[in-house]
Amino acid sequence: MKSVFLMQWQRLRRAPFMAASFFVLTIFFVTVMGGLETDQQLNVYTYSDESITDQEMDVWLELLNHSDSIEFIKKEEDEARTAVSKGDVNFALQLLDNDFRMLVAVDDPNRYIVENFVRQLYTEELRLKEIEERGVGEDFRDKVERSLNEPILTVDTRTIQGESSFKYNNQLHALFGMTLYFSIFTILFSLTNVVEEKRLGTWDRLILSPLRKWQIYLGHLFYCFTIGYAQITIVFLIFRYVFGFDLGSRFGTILVIIGCYTFAIVALGMLIMGLVRTVQQLQAVIPIVATAMAMIGGAYWPIEIVTNEMMLAASKATPTFYGLEALKGAVYHSRGLAELTEPISILLLFGVICMGVGINLMERR
Amino acid sequence: MQVSIVQEDDEQLGIAEFIEKLQPLEIPEELKEQLGATAHQISPFTILNMTLQNDDVSNIINTITMTSPNAEQALKEGEVVAIMTIPENFTFMALQKALLSEGDGSALQLTIDEQGSLRASVFEDIIESFVHSFNFETAINQSLDSEGAIAPRSASAPLELGGIETVSMREPVSSFQYYTIGIAVMFVLYVSGTISSHAYVEKQQHVFNRILLANKHPFVYLSGKFISGTVIAFVQLFILFIITSIIFEPLGELTINFWLGIVLISTFLSFCVGALAALMTAIIVRFDSQGAIGIFTGGIVSIFAFVGGSFFPTAGLHPLISQLGNWTPNGAALTAYLQWMQGLPSEFLITPLSRIVMISILIVGISVVIFPKRRSV
Chain C
1 MKSVFLMQWQ
11 RLRRAPFMAA
21 SFFVLTIFFV
31 TVMGGLETDQ
41 QLNVYTYSDE
51 SITDQEMDVW
61 LELLNHSDSI
71 EFIKKEEDEA
81 RTAVSKGDVN
91 FALQLLDNDF
101 RMLVAVDDPN
111 RYIVENFVRQ
121 LYTEELRLKE
131 IEERGVGEDF
141 RDKVERSLNE
151 PILTVDTRTI
161 QGESSFKYNN
171 QLHALFGMTL
181 YFSIFTILFS
191 LTNVVEEKRL
201 GTWDRLILSP
211 LRKWQIYLGH
221 LFYCFTIGYA
231 QITIVFLIFR
241 YVFGFDLGSR
251 FGTILVIIGC
261 YTFAIVALGM
271 LIMGLVRTVQ
281 QLQAVIPIVA
291 TAMAMIGGAY
301 WPIEIVTNEM
311 MLAASKATPT
321 FYGLEALKGA
331 VYHSRGLAEL
341 TEPISILLLF
351 GVICMGVGIN
361 LMERR
Chain G
1001 MQVSIVQEDD
1011 EQLGIAEFIE
1021 KLQPLEIPEE
1031 LKEQLGATAH
1041 QISPFTILNM
1051 TLQNDDVSNI
1061 INTITMTSPN
1071 AEQALKEGEV
1081 VAIMTIPENF
1091 TFMALQKALL
1101 SEGDGSALQL
1111 TIDEQGSLRA
1121 SVFEDIIESF
1131 VHSFNFETAI
1141 NQSLDSEGAI
1151 APRSASAPLE
1161 LGGIETVSMR
1171 EPVSSFQYYT
1181 IGIAVMFVLY
1191 VSGTISSHAY
1201 VEKQQHVFNR
1211 ILLANKHPFV
1221 YLSGKFISGT
1231 VIAFVQLFIL
1241 FIITSIIFEP
1251 LGELTINFWL
1261 GIVLISTFLS
1271 FCVGALAALM
1281 TAIIVRFDSQ
1291 GAIGIFTGGI
1301 VSIFAFVGGS
1311 FFPTAGLHPL
1321 ISQLGNWTPN
1331 GAALTAYLQW
1341 MQGLPSEFLI
1351 TPLSRIVMIS
1361 ILIVGISVVI
1371 FPKRRSV
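If you read the protein sequences in the order shown, they are chains C and G.
Under the numbering used here, the first residue of the first sequence carries the number 1, and numbering increases by one thereafter.
Under the numbering used here, the first residue of the second sequence carries the number 1001, and numbering increases by one thereafter.
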């Protein structure tokens, strides 16, 4: 077993480029997806036609730009329309006389945020104006402002699990999702060695050698496990210590979760290995399996935004889903292993089933 | 979406209590009566109910009144996405604060589950916007009351504002259509990987050498890869478009003109995929490396898909990313498809399509340079 295991490392040493590139890709994607999105303001191109004067427009723009998260930028009508048509932006805002329109090309969730924001602002501003026209004291606006600072009704949100409020952390989601996604590639492509050995006949020679069958398997599997495990752990460590991501206090639990997830993926690799005949098939299957699992399991976008029942049911069949669940539990809510038994045991079960079926299929040939 | 309401407050009792509280105050009888009437009008729970039964809201949210333990059970089982609890004395406290500026007001309690809480946040938004407009209206009235004027209350009848306009006469492209195209242009790139992975076997099994021995120019082999990549990519795209159009949502109207445009864009994209297949083939034949395919299918395609907007629109990201995305084959094709589906005039297609052509020419050029010349293999 040791010799098979060490041989794989020799191979890695000779051709380290692929494993290294997935490692670099993970770091690149986490930085880009986690880094750029959060501090990026939402820019909205704003224009108007002749129905309002330039000054009126400036007044509205100033009101609109009180918010920190959205910036409304003044543009000429042509410019805004071209930008929307060309897809540089997905929507723009047109200011009219006491009304507004959204110019939309592609459905974009941000549009609803902007539309609601602008509608609320308009409703209130128009209402205030309407009353002011009927003649009220000068300090009317200040009074309203003051009353609003002491609201009559408030909303108090908590989760049933007892935490004060749910926080979705885009950076951590990018880290978990992308790391789990790219580790699938590293692990599955490492298993290509097995198929290659079978094709070249080395596999038969190994079987004839005094090595036991289980030793050969274990050597390969242990190698894949180690490289996958190392990749995920190193990425997590880099982001924790170099980029300062807050991974909570339960790093031990995280290590166990990574182990279970890696095991599930290695086992899945075994199953795929049993199903394909050639390296070429394997190369076609791997990206499709990895990308599909990542998409459905919620590695690209949070599974919480998925509403389709079918997709939700499908997500429950991917190890990515349980890996992410367990990691979120450990980091967001600092749960221990005892509270995470469900996702972890499903990962292990998934691994055992795939491994069993996979080895059987491989032996049948 | 189901939401359960736990009512721990008695609204009528709260109003009655409030009117009772008015009695000992040293204000004119008339004003007392008026305040009592206002209390009936602005009782927050009534207005909240009106908001929730409004057509726009009741289309997406269905409320069920439950007791607290039942509601928690239902939330845990996922039957409801949120619980809204109206605490005891809610009406009384709110009225007292709104009309007499006494006390601390009231708080609505929302309980949500971690799972699916992004869905619950829609409900949270509705409630928050209700609370905000209630506070706003009351603030106006408080400010006016002190001036002795009375303003008509219009909390339940918001103005009709806003609306949507498109760049052409068509509806905006829906999310479903967007992702159909986005994922299609991503997965079509995998065709290059599949086509070129056969090149490795052909090299190993000396098929390539035999072709050379048959006195064929090596570029015949390369152009074969190019053509097969193009054809398969085109077929794949069309099977996908036709199936999604039939089963789910049509990409657009069923006119010859529209589909000719789709064919045109698909052809350009397919040529680019063919070019990529040629490039990958050249790399594999030259360097004898299978790893290149792995890096391409796993890494490069993911990067292209990401910056090209296949996963989600890049318009909200850093401008540099959308700039880069416009220069990826899938990103440029995505832009072209979307513009065509919005019914923009065909001049708009020139920019993205010419980009695809430039990318393709560049890729073909590189692959010709990399591809081993005669007798060098």
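Treat the hints as calculated values from the structure; they're not laboratory data.
Note that the structure is a prediction, hence the values are computed from the model and not measured.
Yeah, the Cβ is synthetic: ideal placement off N, Cα and C, and Gly gets one too.
Any given hint could be a false lead.
[To be verified] Facing chain C, from chain G, some residues (calculated, C-beta under 7 Å):
no. : residue
1   : P1024
2   : P1028
3   : A1037
4   : Y1178
5   : Q1236
6   : F1238
7   : G1299
[Said to hold, decoys possible] Some chain G residues close to chain C (C-beta under 7 Å, calculated; not the full set):
no. : residue
8   : Q1053
9   : A1098
10  : I1127
11  : Q1142
12  : W1259
13  : P1313
[What the hints assert, rightly or not] Far from chain C by the CB rule (all over 12 Å, computed), these chain G residues:
no. : residue
14  : I1015
15  : L1022
16  : E1033
17  : N1062
18  : I1083
19  : K1097
20  : I1140
21  : K1216
22  : G1224
23  : F1234
24  : V1263
25  : G1294
26  : V1301
27  : P1345
28  : F1348
29  : L1362
A quick look at each hint next to the structure:
1. Given hint, P1024 (chain G) at the interface with chain C, is violated; its Cβ is 23 Å from that chain's nearest Cβ, farther than 7 Å.
2. Look at P1028 (chain G): its Cβ only gets to about 23 Å from chain C, farther than 7 Å, so that hint breaks.
3. Interface hint at A1037 (chain G): violated, since its Cβ lies 18 Å from the closest Cβ of chain C, which is beyond the 7 Å cut-off.
4. For Y1178 (chain G), the interface hint holds, the least distance from its beta-carbon to any beta-carbon of chain C being 6 Å, beneath 7 Å.
5. Taking 7 Å as the C-beta contact cut-off toward chain C, the hint placing Q1236 (chain G) at the interface is violated, the least distance being around 12 Å.
6. Violation of the interface hint for F1238 (chain G) is found here, the shortest Cβ-Cβ separation to chain C being roughly 19 Å, above the 7 Å cut-off.
7. Below 7 Å, beta-carbon pairs count as interface contacts, and G1299 (chain G) has one with chain C at about 5 Å; its hint therefore holds.
8. For Q1053 (chain G), the suggested interface contact is broken, since its CB lies about 18 Å from the closest CB of chain C, more than 7 Å.
9. Because the smallest distance between the Cβ of A1098 (chain G) and any Cβ of chain C comes to about 5 Å, under 7 Å, the interface hint for this residue holds.
10. With its C-beta approaching chain C no nearer than about 6 Å, I1127 (chain G) sits inside the 7 Å limit, and its interface hint holds.
11. The criterion of a C-beta within 7 Å of any C-beta in chain C is met by Q1142 (chain G), whose closest approach is roughly 5 Å, and the hint holds.
12. Here the hint on W1259 (chain G) is broken, as its CB sits about 20 Å from the closest CB of chain C, past 7 Å.
13. Interface restraint check for P1313 (chain G): the shortest CB-CB distance to chain C comes to about 6 Å, inside 7 Å, so the restraint holds.
14. The beta carbon of I1015 (chain G) is kept farther than 12 Å from every beta carbon of chain C, the shortest such distance being approximately 15 Å.
15. At roughly 17 Å from the closest C-beta of chain C, the C-beta of L1022 (chain G) stays outside 12 Å, upholding its exclusion from the interface.
16. Every beta carbon of chain C lies more than 12 Å from that of E1033 (chain G), the smallest distance being close to 22 Å; the non-interface claim holds.
17. Here N1062 (chain G) stays apart from chain C, with its beta-carbon at least about 15 Å from theirs, past the 12 Å limit.
18. The claim that I1083 (chain G) lies off the interface is violated: its Cβ sits roughly 8 Å from the closest Cβ of chain C, which falls inside the 12 Å cut-off.
19. Consistency note on K1097 (chain G): stated as away from chain C, yet its beta-carbon is not over 12 Å from all of that chain's, at 5 Å minimum.
20. With a closest Cβ-Cβ approach of about 6 Å to chain C, I1140 (chain G) is found to fall inside the 12 Å limit, against its non-interface label.
21. With a least CB separation of 23 Å from chain C, K1216 (chain G) remains clear of the 12 Å interface cut-off, as annotated.
22. Here G1224 (chain G) stays apart from chain C, with its beta-carbon at least about 17 Å from theirs, past the 12 Å limit.
23. For F1234 (chain G), the requirement that its beta carbon stay farther than 12 Å from each beta carbon of chain C is met, with the minimum near 18 Å.
24. Annotated as non-interface, V1263 (chain G) keeps its C-beta farther than 12 Å from every C-beta of chain C; the closest such distance is 21 Å.
25. The beta carbon of G1294 (chain G) is not kept farther than 12 Å from every beta carbon of chain C, the shortest such distance being approximately 5 Å.
26. Listed as outside the interface, V1301 (chain G) is inconsistent with that label: its C-beta sits roughly 7 Å from the nearest C-beta of chain C, within the 12 Å cut-off.
27. Against chain C, the non-interface label of P1345 (chain G) is violated: not every CB pair exceeds 12 Å, the least being about 9 Å.
28. Once the 12 Å rule is applied to beta carbons, F1348 (chain G) is inconsistent with being away from chain C; the minimum gap is 6 Å.
29. Every Cβ of chain C is farther than 12 Å from the Cβ of L1362 (chain G); the closest lies at roughly 22 Å, confirming the non-interface assignment.
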